[in-house]
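Student: Sequences are here, hints too, so could you generate the full structure?
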Amino acid sequence: MKHTISVLLQNKPGVLSRVTGLFSGRGFNIESLCVAETLDPGVSCLTVVSKGDNAIIEQITKQLHKLIDVIKVTDITDKEYVEREMVLIRMKAEAHTRAEVLRVIDIFRGKVVDVSAKSYAVELTGSASKIQAVIDILRPIGIKEIVRTGIIAMSRANKTK
Amino acid sequence: MGKITGSQAVVKCLEEEGVKIIFGYPGGAVIDLYDALLESKITNVLVRHEQGAVHAADGLARVTGEVGVALLTSGPGATNGVTGIATAYMDSVPLVVLTGQVPRALIGNDAFQEVDIVGITRPCTKHNYLVAKPEDLVPTIREAFHIARSGRPGPVLVDLPKDILGGLLTFPDRPVINMLSYQPTYKPHPVQIEKACKKIIKAKKPILYVGGGVILSNASSELTELAVKLNIPVTMTLMGLGAFAGTSELSMGMLGMHGTYTANMAVAECDLLIAVGARFDDRVTGKLAEFASKAEIIHIDIDPTSISKNVKVDVPIVADCKNALAAINEWFNTKANVSLEEEAERHQPWLTLIREWTAKHPLCYKENNDIIKPQYVIEILHKLTGGKAIITTEVGQNQMWAAQFYQFDYPRHFVTSGGLGTMGFGLPAAIGAQMAFPDKTVIDIAGDGSIQMNIQELATAKQYKCPVKVAILNNSYLGMVRQWQELFYEKRYASTTMNVTPDFVELARAYGAVGLRATTKSEVVPVVKEALATDNLVIMDFKIEKEEGVYPMVPAGKGNTEMLLV
Numbered sequence: 000m001k002h003t004i005s006v007l008l009q010n011k012p013g014v015l016s017r018v019t020g021l022f023s024g025r026g027f028n029i030e031s032l033c034v035a036e037t038l039d040p041g042v043s044c045l046t047v048v049s050k051g052d053n054a055i056i057e058q059i060t061k062q063l064h065k066l067i068d069v070i071k072v073t074d075i076t077d078k079e080y081v082e083r084e085m086v087l088i089r090m091k092a093e094a095h096t097r098a099e100v101l102r103v104i105d106i107f108r109g110k111v112v113d114v115s116a117k118s119y120a121v122e123l124t125g126s127a128s129k130i131q132a133v134i135d136i137l138r139p140i141g142i143k144e145i146v147r148t149g150i151i152a153m154s155r156a157n158k159t160k
Numbered sequence: 000m001g002k003i004t005g006s007q008a009v010v011k012c013l014e015e016e017g018v019k020i021i022f023g024y025p026g027g028a029v030i031d032l033y034d035a036l037l038e039s040k041i042t043n044v045l046v047r048h049e050q051g052a053v054h055a056a057d058g059l060a061r062v063t064g065e066v067g068v069a070l071l072t073s074g075p076g077a078t079n080g081v082t083g084i085a086t087a088y089m090d091s092v093p094l095v096v097l098t099g100q101v102p103r104a105l106i107g108n109d110a111f112q113e114v115d116i117v118g119i120t121r122p123c124t125k126h127n128y129l130v131a132k133p134e135d136l137v138p139t140i141r142e143a144f145h146i147a148r149s150g151r152p153g154p155v156l157v158d159l160p161k162d163i164l165g166g167l168l169t170f171p172d173r174p175v176i177n178m179l180s181y182q183p184t185y186k187p188h189p190v191q192i193e194k195a196c197k198k199i200i201k202a203k204k205p206i207l208y209v210g211g212g213v214i215l216s217n218a219s220s221e222l223t224e225l226a227v228k229l230n231i232p233v234t235m236t237l238m239g240l241g242a243f244a245g246t247s248e249l250s251m252g253m254l255g256m257h258g259t260y261t262a263n264m265a266v267a268e269c270d271l272l273i274a275v276g277a278r279f280d281d282r283v284t285g286k287l288a289e290f291a292s293k294a295e296i297i298h299i300d301i302d303p304t305s306i307s308k309n310v311k312v313d314v315p316i317v318a319d320c321k322n323a324l325a326a327i328n329e330w331f332n333t334k335a336n337v338s339l340e341e342e343a344e345r346h347q348p349w350l351t352l353i354r355e356w357t358a359k360h361p362l363c364y365k366e367n368n369d370i371i372k373p374q375y376v377i378e379i380l381h382k383l384t385g386g387k388a389i390i391t392t393e394v395g396q397n398q399m400w401a402a403q404f405y406q407f408d409y410p411r412h413f414v415t416s417g418g419l420g421t422m423g424f425g426l427p428a429a430i431g432a433q434m435a436f437p438d439k440t441v442i443d444i445a446g447d448g449s450i451q452m453n454i455q456e457l458a459t460a461k462q463y464k465c466p467v468k469v470a471i472l473n474n475s476y477l478g479m480v481r482q483w484q485e486l487f488y489e490k491r492y493a494s495t496t497m498n499v500t501p502d503f504v505e506l507a508r509a510y511g512a513v514g515l516r517a518t519t520k521s522e523v524v525p526v527v528k529e530a531l532a533t534d535n536l537v538i539m540d541f542k543i544e545k546e547e548g549v550y551p552m553v554p555a556g557k558g559n560t561e562m563l564l565v
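Line by line, the protein sequences give chains A and B.
With numbering that gives the first Met the number 0, the residue at position 99 of the first sequence is 98, and numbering never jumps.
With numbering that gives the first Met the number 0, the residue at position 20 of the second sequence is 19, and numbering never jumps.
Heads up, none of these hints are tricks.
In silico lysine to aspartate or glutamate, EDC-like type, Cα no more than 16 Å apart, as pairs:
1. LYS11(A) <-> ASP135(B)
2. LYS311(B) <-> ASP52(A)
3. LYS520(B) <-> GLU544(B)
4. LYS61(A) <-> ASP302(B)
5. LYS11(B) <-> GLU134(B)
6. LYS311(B) <-> GLU57(A)
7. LYS65(A) <-> ASP302(B)
8. LYS117(A) <-> GLU93(A)
9. LYS308(B) <-> ASP52(A)
10. LYS308(B) <-> GLU57(A)
11. LYS201(B) <-> GLU344(B)
12. LYS201(B) <-> GLU341(B)
FRET-style restraints, in silico, Cβ to Cβ:
13. GLU36(A) <-> PRO189(B): 33 to 41 Å
14. THR19(A) <-> ALA110(B): 24 to 32 Å
15. SER39(B) <-> ALA54(A): 45 to 53 Å
The set of hints was computed from the structure by calculation and includes no laboratory data.
Backbone N, C-alpha and C fix where the C-beta goes; we use that ideal spot for every residue, glycine too.
Tutor: Written out as structure tokens, the structure reads:
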């Protein structure tokens with residue numbers, strides 16, 4: 000099963016390679032990985048999506064926590080959480096498809112960020128499944144290039160308190 | 000306060016940490032640091048190869064419990080140390096390895112003797128650092144010592160650019176180290192302790208399965224109290240030998256691939272396995288599905304990643320072994336509504352069964368009146384040292400025979416590369432142990448193959464007047480691999496025959512050591528006596544039964560009760 004794990008770590012040189020080295024060295028899988036600094040520039044937040052049974056995910060979280068530079072590890076999969084991914088897609092957009100492309104990205108609340116005579120570059124955000132749905136629909140129209148950020152995620156605030 | 004050089008600051012840090020002996024090898028990148036060391040009382044033991052430096056620091060750390068320190072130069076100096084670092088990492092030995100690095104301006108330029116040692120050692124250190132700014136130097140070294148010795152210990156590497164060692168800085172005051180992201184759990188959770196104790200009370204056939212963690216946390220007395228008080232038999236891993244007295248009636252010896260019949264049967268039949276500071280390594284468990292399959296499992300370990308990694312655990316206790324065992328003892332002394340005598344008595348039928356196993360298949364070998372049996376050599380070493388020597392080993396048959404037949408009664412007396420299985424470990428580790436305890440008898444039990452992997456360290460031993468006794472069990476084979484080939488590869492001895500080895504007696508003389516040889520059984524005692532009587536470095540060359548095997552043996556992948564016996 001897929002798990003989304005959120006990791007707070009010291010923003011120091013080599014930290015990311017400690018994390019990725021841990022995954023490759025122990026044969027854990029990385030579906031996607033995103034990292035950037037938090038409000039505190041000394042601390043980074045890393046979101047990693049991995050696949051594995053419960054024992055493997057338990058090892059992943061424990062091993063991550065064991066890294067000296069890791070401050071906090073949360074497997075947010077079992078909690079209420081919001082996940083977002085952004086994608087940039089360069090679409091073939093010639094006379095007969097220009098309108099169609101615009102219609103589709105409008106439905107998915109995307110926007111055009113670059114225009115040329117034969118293409119549109121569009122930006123879309125959403126859950127990983129929404130991004131996949133957009134790609135599946137746009138593919139027959141003609142995708143030229145695609146760049147995805149990977150997933151970032153945040154657990155929802157506790158609403159009872 | 001005035002400014003001092005980076006090198007002087009490093010030396011000051013070492014003094015601050017109470018370091019008296021370091022092991023190392025100079026080179027361009029650390030020449031300033033070696034120069035500064037001349038002004039200090041710290042002894043640098045000049046090894047003959049950097050691997051030897053790290054193993055020697057490791058040997059010192061294992062016998063003393065203190066942090067071992069190695070100092071290597073950049074590039075090849077650092078890479079030569081990697082095997083030593085990985086060895087210490089697998090066995091959780093506290094080390095600080097200082098490596099020189101090219102000046103900061105040259106890093107990344109493929110400079111002379113430049114290597115990314117921080118990148119190389121990332122997976123085999125507990126943590127590592129490249130010091131990027133002069134003001135980081137002292138805090139980094141202090142943090143390195145803190146990390147190396149706390150929690151589950153391990154090696155920490157600090158890479159020191161030459162310009163920082165040569166530059167000036169202000170030596171800062173020593174703060175209390177408190178790291179936001181590193182807070183090991185030392186104290187056991189009382190709820191878990193109570194759960195564990197209740198399981199112990201319920202158990203009819205409990206055993207203690209004890210690993211190196213008990214030695215690392217100096218928990219032997221707490222362990223012994225628990226075992227003796229409740230009459231619970233104890234088996235030890237290779238790393239755990241000496242944590243509990245090997246000659247005790249409650250000791251079942253080592254378990255696993257070359258464990259005793261008794262220990263492996265007891266694990267298979269027990270209804271409660273109390274694992275303390277052990278990690279269910281594959282050499283211990285054999286086929287996982289059959290390991291302690293009738294038992295509930297309590298697992299005490301300071302490293303949460305060790306718990307439920309290979310075997311599902313019923314009661315996990317994350318804590319320092321010493322604290323956890325003390326808490327269990329305390330619970331039985333104060334909170335248990337049972338009589339300790341009755342508890343102990345209750346295990347009598349289980350102990351009777353265990354003694355029957357031992358009577359049926361004791362640890363043994365086929366004796367011979369002429370040919371030297373390696374096990375006999377170990378027995379004689381045990382007898383003539385009163386079981387009090389520090390024993391280091393190389394890796395292979397020599398290591399297993401030492402583990403089986405030198406019944407270790409004391410912790411920190413058996414120094415062996417357990418996790419990584421590093422040939423060439425024993426001699427430099429013996430030098431480290433001997434430097435720490437000049438008055439103790441230190442014996443390296445070696446094979447003719449593995450002794451040659453770091454034999455150059457004889458010169459180090461000689462230079463620093465370490466009267467190490469090297470006992471080579473010489474069968475002209477790489478014996479352990481040969482044994483596998485005999486059993487599982489139809490005796491196809493591919494590349495395990497060492498027809499050409501040096502004359503070890505002559506070799507000893509060449510190094511200024513004493514060389515002794517025994518070729519028949521009757522010569523063993525006189526040779527060992529002479530070796531122990533001399534205050535010089537000694538090599539004993541025992542020409543042993545060439546095709547002797549290590550038994551019992553559990554073939555790889557089999558359950559532990561499927562042992563091949565003598």
